[in-house]
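Q: Listed here are the chains, written in short residue letters.
Number of protein chains: 2
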Amino acid sequence: MSSTVMSEKSKSENLVEGTTTISLIKGDGIGPEISNSVIRILEAAGAGLQFAEIEAGEKVYLSGKTSGIPDNAWETLRKYPILLKGPITTPRGSGYKSLNVTIRKTLGLYANLRPARTYDPFVKTKHPGTDMVIVRENEEDTYAGIEHRQTREVTQCLKIITQPGTEKIVRYAFEFAKSNGRKKITCMVKDNIMKITDGLFNEVFKEIAKEYPEIETESMIIDIGAALLANKPQRFDVVLAPNLYGDILSDIAAEVTGSVGMCGSSNIGDSIAMFEAVHGSAPDIAGKDIANPTALIKAAVMMLVHIGKAEIANKVRNAVLRALEDGYRTADIYTGEPNTHKVGTIAFTDAIIERLGKNPEVLEVRNFSKPGKVVLKPVTNLDTKELVGVDIFLDQYENRDPEMIGKRLEKLADRILKLKMITNRGVKVYPEGQPETFLTDHWRCRFVAIQGSSITHNQILALLNKLITDGLDVIKTENLYEFNGKPGYSLGQGE
Amino acid sequence: MSSTVMSEKSKSENLVEGTTTISLIKGDGIGPEISNSVIRILEAAGAGLQFAEIEAGEKVYLSGKTSGIPDNAWETLRKYPILLKGPITTPRGSGYKSLNVTIRKTLGLYANLRPARTYDPFVKTKHPGTDMVIVRENEEDTYAGIEHRQTREVTQCLKIITQPGTEKIVRYAFEFAKSNGRKKITCMVKDNIMKITDGLFNEVFKEIAKEYPEIETESMIIDIGAALLANKPQRFDVVLAPNLYGDILSDIAAEVTGSVGMCGSSNIGDSIAMFEAVHGSAPDIAGKDIANPTALIKAAVMMLVHIGKAEIANKVRNAVLRALEDGYRTADIYTGEPNTHKVGTIAFTDAIIERLGKNPEVLEVRNFSKPGKVVLKPVTNLDTKELVGVDIFLDQYENRDPEMIGKRLEKLADRILKLKMITNRGVKVYPEGQPETFLTDHWRCRFVAIQGSSITHNQILALLNKLITDGLDVIKTENLYEFNGKPGYSLGQGE
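These protein sequence lines are chains A and B, in that order.
For any residue, its number in this note's numbering is found by taking its place in the first sequence, counting from 1, and adding 195.
For any residue, its number in this note's numbering is found by taking its place in the second sequence, counting from 1, and adding 195.
Keep in mind that the hints were calculated from the coordinates and are not lab data.
Glycine included, C-beta positions come from ideal geometry on N, C-alpha and C.
Heads up, none of these hints are tricks.
In silico PhoX-like links for lysine-lysine, alpha-carbon gap of 25 Å or less:
1) K321/B <-> K319/A
2) K427/B <-> K378/B
3) K390/B <-> K260/A
4) K260/B <-> K390/A
Covered stretches of chain B (chain A as the covering partner; in silico rule of three or more C-beta atoms under 8 Å from a C-beta of chain A):
5) 463–470
6) 615–626
7) 666–676
Produce the entire structure from the sequences given, and follow the hints as far as they go.
A: So this is what it looks like as structure tokens:
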């Protein structure tokens with residue numbers, strides 16, 4: 196076994212011998228220590244793995260590469276598409292991009308899995324009996340990174356939710372639940388406010404749920420759901436959420452179960468997958484043989500399941516549980532209780548290795564297995580789509596008078612498109628606005644086809660041309676469509 | 196005192212006599228009971244209030260008014276701009292709009308305050324010693340309600356963060372902290388991902404913080420912040436957040452402190468303010484003399500402070516605390532501990548009234564006072580704004596080949612605007628995309644001015660015209676601007 200990049204020759208040999216080669220980023224801070232702990236355990240367990248190490252993280256950032264990962268790493272990752280990754284230190288200062296976001300986005304890792312379980316009574320927790328998995332969509336939502344400032348006062352970020360992106364994560368969640376004996380999936384969205392985007396996410400969830408009648412399902416509003424998860428995490432089994440909510444829920448779950456140092460995480464794509472600890476690189480305790488390697492071991496267990504070595508995964512997991520039962524504690528989880536002893540990273544690793552083949556006697560065991568493959572339903576979407584209007588956004592900094600702007604636009608409108616309303620931050624200000632409405636320099640002007648007929652792109656261009664010729668500062672447009680005769684846009688507050 | 200709408204005569208008389216008239220929505224379910232409890236306490240405390248009752252909620256919804264509030268209510272609210280509001284039942288089924296959202300948006304109630312404190316050792320809690328206030332921006336963010344579906348697969352919601360909207364809520368938070376002896380404000384955003392929108396929010400926070408050197412400040416990433424708030428709420432004093440995060444944080448705080456039935460809330464605008472309980476209408480226990488009126492009493496206490504009756508507010512608050520100390524418990528907080536007795540809504544109210552003038556002996560008292568007026572800095576924003584390009588979004592459902600689309604667009608581009616890149620869900624797919632990137636039918640095509648010069652609206656129209664004439668389905672545009680020479684737009688992942 197080698198933790199350095201192998202020569203082409205050795206790679207081929209290993210492939211012939213049936214061992215699997217794993218891409219490895221040891222990481223910064225405590226990363227190398229806990230990576231070495233994991234490598235020792237995997238070797239002792241007979242996992243039959245080899246490692247192709249990739250240099251990434253702090254050193255690469257500081258060498259001037261803002262992504263934190265060298266260009267040639269992508270080749271390695273595509274050759275050995277399973278990545279085990281230690282924690283990374285992103286240097287302070289602007290311009291450095293998150294290595295995690297880069298890897299997720301570049302390689303299309305659409306699913307983020309974050310198990311959170313407690314080890315009571317052996318590791319102290321406020322919430323005994325918690326055993327849940329958060330399945331987070333990993334590519335869409337406000338994290339797609341599409342932001343614009345188009346007036347002096349107003350900035351905007353696009354929240355993107357797509358049908359196929361949602362279908363992928365929803366199917367993954369159901370396949371995961373089915374393969375791993377999970378009974379229930381809770382979907383968390385805010386579809387009472389975001390009826391189109393979060394509404395789509397929840398609709399796809401409910402639709403696909405019908406294919407898995409054996410899994411119980413429920414939908415919850417995110418604020419209520421987050422509060423319940425914070426206070427009664429025991430009630431949850433699998434929790435499914437879009438990117439931003441999932442990000443928040445994952446951290447809450449790890450924190451309230453007291454298991455930040457004990458949580459692994461996986462990021463799954465169609466062909467590539469990444470496994471990592473959820474904690475940071477903790478540079479203050481690096482190199483001191485203090486760090487708890489459990490989180491990265493858990494990540495490695497998830498990885499073993501993913502590559503079809505569930506038996507080895509269960510063996511490693513059982514040994515970790517048994518070591519906890521036998522009183523071994525790293526400093527972060529040592530509380531001085533009877534029959535426990537504080538040990539360093541290496542001794543903790545030794546204790547686990549000694550217990551390979553033994554089972555826990557108290558802690559509940561859940562055997563892991565790999566989810567079925569996610570296959571999107573082959574659809575030819577036959578929805579009709581009809582252009583029925585356009586929202587034209589104006590920047591008007593001086594003279595913030597909705598009546599004046601409204602009258603001016605009405606004069607400019609033609610026999611094809613008429614002004615329906617103007618909103619400011621989503622609140623209708625014309626016609627018949629309210630005097631209390633606070634006005635920014637950002638005006639959304641909705642034009643719709645007269646008599647509800649459909650219009651053409653050229654008719655929108657003609658209108659834009661009139662507005663621009665009149666000296667108006669058009670900053671953006673959003674076309675209005677009907678799909679199968681139903682509006683694909685929200686009404687203004689007060690419309 | 197009257198809880199029905201008064202005649203014009205009595206209104207005038209009362210104004211002459213120096214009493215204040217409050218608009219009142221008693222609400223549905225337990226609303227009338229707890230409203231009556233509050234009215235009795237306020238009268239006994241000598242608050243000098245009269246009430247103009249507004250019929251709103253379930254009955255109004257079911258009469259066919261989708262807003263849940265009759266049109267003439269707005270007149271009452273403008274005449275008596277302080278509203279005390281019980282919980283509302285929104286009927287099941289689509290089409291009914293949230294009354295809260297309608298009132299907040301129509302009247303410009305930009306600040307939502309949610310105090311969360313514990314009453315240990317008298318009311319059981321997992322987190323003794325918590326005493327925080329969440330200040331939530333109430334009008335912007337993804338809650339502005341601007342959503343569009345423009346392709347078969349992709350939906351979008353605009354997240355809007357504005358400079359003046361942020362300045363208002365930030366100044367309110369600092370004025371509140373200053374007037375109420377609060378020491379620290381924690382601002383929670385996700386500005387490592389949403390650098391322009393959440394970045395603006397945090398920048399405004401840091402800028403205004405300089406005017407309040409006596410208040411300690413910190414900024415926190417929302418996922419970490421929400422997790423800490425869920426697990427160690429004691430560490431927080433004032434928490435400030437944009438709308439969505441604030442919504443989630445408010446529910447977490449109420450839930451983990453075990454005080455959902457004990458939390459009041461205020462919604463503050465420039466001239467109008469609304470005070471309410473945070474809990475729902477609980478129709479299952481309505482009319483049974485079981486409900487805990489504390490949350491609405493707390494809301495009334497906040498209201499008294501707001502209208503300049505801090506002394507009465509403190510008197511009521513102290514009586515509530517003393518009643519808790521003396522063992523009075525409604526069913527929701529009764530745990531059978533020694534020296535406590537379970538009482539109904541009316542008896543609990545009686546116990547509070549009997550204690551008006553008495554102080555608590557154990558529970559900590561915090562005297563409330565009204566924050567100073569929020570005055571936006573008069574600015575003439577002199578930032579230069581220069582049009583440097585445009586993001587044109589296309590719907591292309593068939594033939595999802597980035598190379599083909601890229602080459603076609605390059606041919607259509609002219610000597611003014613050149614194609615910089617194409618992204619799909621924010622990930623660059625042209626030029627030099629990655630083979631793993633999942634492709635939807637939604638393509639963002641960035642065109643920028645050649646040689647970094649600025650362009651005109653007409654040049655964008657000319658380009659749009661070429662694309663449309665070539666048969667491309669343009670669904671939206673976002674202009675690209677530089678402000679003071681710096682890009683007002685995010686780069687694509689991989690750009």
